[in-house]
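Peer 1: Respectively, the protein sequence lines represent chains A and B. Here the first sequence stands for residues 1273 to 1786, numbered as in the working numbering. Here the second sequence stands for residues 1025 to 1343, numbered as in the working numbering.
Honestly, the hints are just simulated from the structure, not real lab data. In this text, a Cβ means the ideal position worked out from N, Cα and C, and glycines have one as well. Watch out, some of these pointers could steer you wrong.
Unchecked claim - Taking beta-carbon pairs under 10 Å as the criterion, some of the chain B residues facing chain A (in silico):
id	residue
1	Leu-1039
2	Phe-1042
3	Arg-1043
4	Arg-1046
5	Ala-1047
6	Gly-1048
7	Asp-1055
8	Ile-1061
9	Asn-1068
10	Arg-1099
11	Thr-1100
12	Gly-1222
13	Ile-1249
14	Ser-1256
15	Leu-1298
16	Asp-1309
To be verified - Just a sample of chain A residues kept apart from chain B, beta carbon distances all over 12 Å, derived:
id	residue
17	Leu-1307
18	Arg-1559
19	Lys-1643
20	Ala-1685
21	Trp-1727
22	Ala-1748
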Amino acid sequence: MHSVPDKQTAEVGPHIGTHKPGNLKQALAVSSKDLFRNPYDAAPDTMKIDISTRQQMLIGGNFRPPGEETYLATYNPATEELLSQIPLAGERDIDDAVMAAQRSYKKAWSGIKPGKRGEFLFRVARLLQERAREFAVLASMDEGKAIRESRDTDLPLAAAHFFYYAGWADKLEYLPGFRSPRPLGVCAQLIPWNSALLMAAWKLAPALAAGNTVVLKPSESSSLTVLRLGELIREAGLPDGVVNIITGDDSTGSNLVRHPGIQHIAFSGSRATGRELAAICGTSGQRLSLKLRGSSVHIVFRDADPDQAIEALVRALCLSQGYIYCSGSRLLIEEAFAEEFTERLKERICQLRVGNPLDQNTELGAIHSRKQLERIRALIRTGAEEGGGLWEPEIRIPDQGWFCPPAILSSVAPGHTVYRTETAGPLLPITTFRTADEAIRKAHDSPYSLAAAVWTSHPERLHYMASELRCGVIWANSNNRFDPSAPCGAYPESGWGREGGMHGLYPYLEDGQE
Amino acid sequence: MQRVLTVRAGVTKPLPSFRICRAGVNERVHDFCSRKIIGQSRLNALYQAIRMVDLTTLEGCDTAGKIRQLCAKARTPLSDPIIREQFPLKNIPALPAVAAVCVYPEWVACAKKALEGSSVKVASVATGFPAGQVNRSIRQEDTRQALDAGADEIDMVINRGAFLSGDYQKVYDEIAEIRELCGEQVRLKVILETGEIGDAENIRLASWLAMEAGADFIKTSTGKIPAASSMSVSLHMLYGIREFFRSNGRKIGMKPAGGIRSAKEAIHYLTMLLETLGEEWLHPDYFRFGASTLLNDLLREVMILSAGTDPYPGFFSVE
């Protein structure tokens, strides 16, 4: 993991020299009654970010407004204030972007020495590290996620992906299974709103390392970080048109994937769209990799370290406000341990700090859109009505902004709605099991199966679970650990293909001597 | 290997097994270190920390003069006239005294005299500190000497030799004996010397033995070996304290010692304490820092925060 350079300088240091006299508005006083308490004083990141009122799209190396001058509004979820307007790309813009990508594929990118491609990617990674704080603050403003997460997880990981794939650029011929690996051409990449920058890095880095050019379309509610990444890519000196970024809504996405100039489609998002894409690619011959809905499980046995299992669950609830598809949207707990564990979990959740995403002590930020907030609330209501045993902590949340305090449904049955659908919010359905085999059956009892975290201090049981579970990723006594060198993927309805590691390159290559 | 502990004549308890995810504990520690404590919260934490310091001198070269000077510092970490002279316009509230001074039994009487009339307690190490490699009668005699001289608190070391050879009964009995000697009035802190007893399971087991045997505090280290207190070790012990409270209802205190030198680290510890055990533990009766150089850094930060400026070098006394 690479360090974020701004982390140290952002700290209000206790050391001589870092403190500027007079920057305290008033002298602080303390009386013996004053205790050190949680929640702590607000400690927002104070970096000011310039956001232009109208964004432009990156097409063929230039930033430009949409041809039809139509825009979509994008809001700060924590304040409900208008952040900026993003272009709604029309068919002309899409066509221009794909053409630019094609031109650049033929003229620049495919002819360049592979080592040089790696150099460009290294430069992107370095620049991302240098500007990490700016990107982290922007991500928190745009997506509502806590700055702790964007600063300590998203940014270091995004940079790490560029570093990792930069190293692959001139070593592709050593990939197992290829005799003469060749890029495909133009890739259309559609990414979801959660951790937009990280998702962009996941998809861009391997595609570029393999020698493809890209038309990237971020989600309409979180385009700002991705557009800024476009600026950074230009700064890194990549040839014009290698990376094109267009913005817009679902219709933009569906127009993009139908463009005949596209050789590969990478999509993260809903299952319905995924199926639609599969149908399109089935007839057009385009290649497709999918990352769809996930309903990932935490399986906690009675011999698990309860404190650390709880911490991991709480982190999963908070990560992108519960919207990370592999962060565990169901808890399966051994019945003998269920009551005690749930009580402790509740105790812990009551301590959560929900609020301003820019506050460096905030653990749970705001939900990215009003629509999503309403969807989560409806799901919680449904869960309670179906007899899930709703529990909500008494936590102060800000009056303004799209905040949703975490909720637990402590007795969810496999037939309940929340068990069978993706929760996608800070909501945790709890279901009990009796034996390891029942836990495995229950983990598989879902159309989606992306990841599982198994908690036990019994190593033999871990091995058994790992060999029996069919999931894209299985974590042992941990959760949400990502590394660019480790592939991560999905099972049937959750998607096709793998991202990360050597496996992440396969979708973007074909064998020239097949 | 021993699996059952005799707690009283005829009463046995099975040794517990612990469910520990070490990587998770380390990650949690990272969480606490990334908290951003500023403004009033920071100042409150610093005041709390000053009240929790056990100002320590445990050197071969300790003399009556050194002990008296240390006691003066413990009573008045920073004198009011000096503060007022330096910052005439600022309203800086009085600084609290530290919790205790910690000395060898030989110096208890001297410290006691120097601290007369103040709230500062006198703690004495005992039981053959730091190695603890002495027989039972000497352990007890050592403690008795400290008690006779008027010690308010006893910091005893456990028998690591017995612990590592699996003789948990002996470890337990020795602690229980010292507990009996101390009686109700004297606070007993049990030093586990975690750098010597090894992994997380051992730390939890030693904590459990000490708490079962009647410790009021469990303490990480003697400060005499390089591997002193760390956040992870302390967090394992805090979890032990929490489990013990859940099953026995008795609140045990915690004392990390050795290696904590900066106010920043102290605040990390307090954050960890607050978020693991809650506000009730945030009191000198339940948490102490065993340190000698930490105090001046805490004072410096208080000045920075409340006066808005960093005092000149040499503002704080060095004993």
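Peer 1: Now tell me, hint by hint, if it's right for this structure.
Peer 2: Hint-by-hint comparison with the structure:
Checking B:Leu-1039 against chain A by beta carbon gives a least distance of about 16 Å; that is not within 10 Å, so the hint is violated. For B:Phe-1042, the interface hint holds, the least distance from its beta-carbon to any beta-carbon of chain A being 8 Å, beneath 10 Å. The beta carbon of B:Arg-1043 is positioned within 10 Å of a beta carbon in chain A (closest approach about 5 Å), and the interface hint is therefore held. At its closest, the beta carbon of B:Arg-1046 sits 9 Å from a beta carbon of chain A; the interface hint therefore holds under the 10 Å criterion.
Annotation: interface hint on B:Ala-1047 holds; nearest CB of chain A at approximately 6 Å, less than 10 Å. The beta carbon of B:Gly-1048 comes within 3 Å of a beta carbon in chain A, closer than 10 Å, and the hint placing it at the interface holds. Of the supplied interface hints, the one on B:Asp-1055 holds, with its beta-carbon coming within about 8 Å of a beta-carbon of chain A, less than 10 Å. Taken as an interface hint, B:Ile-1061 checks out: its beta carbon lies about 5 Å from the nearest beta carbon of chain A, inside 10 Å.
Contact between B:Asn-1068 and chain A, as hinted, is supported at the beta carbon level, the nearest pair being about 4 Å apart and thus within 10 Å. Taking 10 Å as the C-beta cut-off, the interface hint given for B:Arg-1099 is violated, the closest approach to chain A being about 17 Å. Here the hint on B:Thr-1100 is broken, as its CB sits about 16 Å from the closest CB of chain A, past 10 Å. Interface hint status for B:Gly-1222: violated, as the beta-carbon distance to the closest one in chain A is roughly 17 Å, over 10 Å.
Checking B:Ile-1249 against chain A by beta carbon gives a least distance of about 27 Å; that is not within 10 Å, so the hint is violated. Taken as an interface hint, B:Ser-1256 does not check out: its beta carbon lies about 12 Å from the nearest beta carbon of chain A, beyond 10 Å. The interface hint given for B:Leu-1298 holds, since its Cβ lies 6 Å from the closest Cβ of chain A, which is under the 10 Å cut-off. Given hint, B:Asp-1309 at the interface with chain A, is violated; its Cβ is 14 Å from that chain's nearest Cβ, farther than 10 Å.
A Cβ of chain B approaches the Cβ of A:Leu-1307 within 12 Å, the least distance being about 6 Å, so the stated non-interface status is violated. Interface exclusion of A:Arg-1559 from chain B stands, the closest Cβ pair being 38 Å apart, more than 12 Å. Under the 12 Å C-beta cut-off, the non-interface status given to A:Lys-1643 relative to chain B holds; the minimum distance is some 32 Å. Remark: the non-interface label on A:Ala-1685 is consistent with the geometry, its nearest Cβ contact in chain B lying 28 Å away (cut-off 12 Å).
A beta-carbon of chain B comes within 12 Å of the beta-carbon of A:Trp-1727; the shortest separation is about 8 Å. For A:Ala-1748, the requirement that its beta carbon stay farther than 12 Å from each beta carbon of chain B is not met, with the minimum near 10 Å.
Hints 1, 10, 11, 12, 13, 14, 16, 17, 21, 22 from the earlier list are contradicted by this structure; the remaining hints agree with it.
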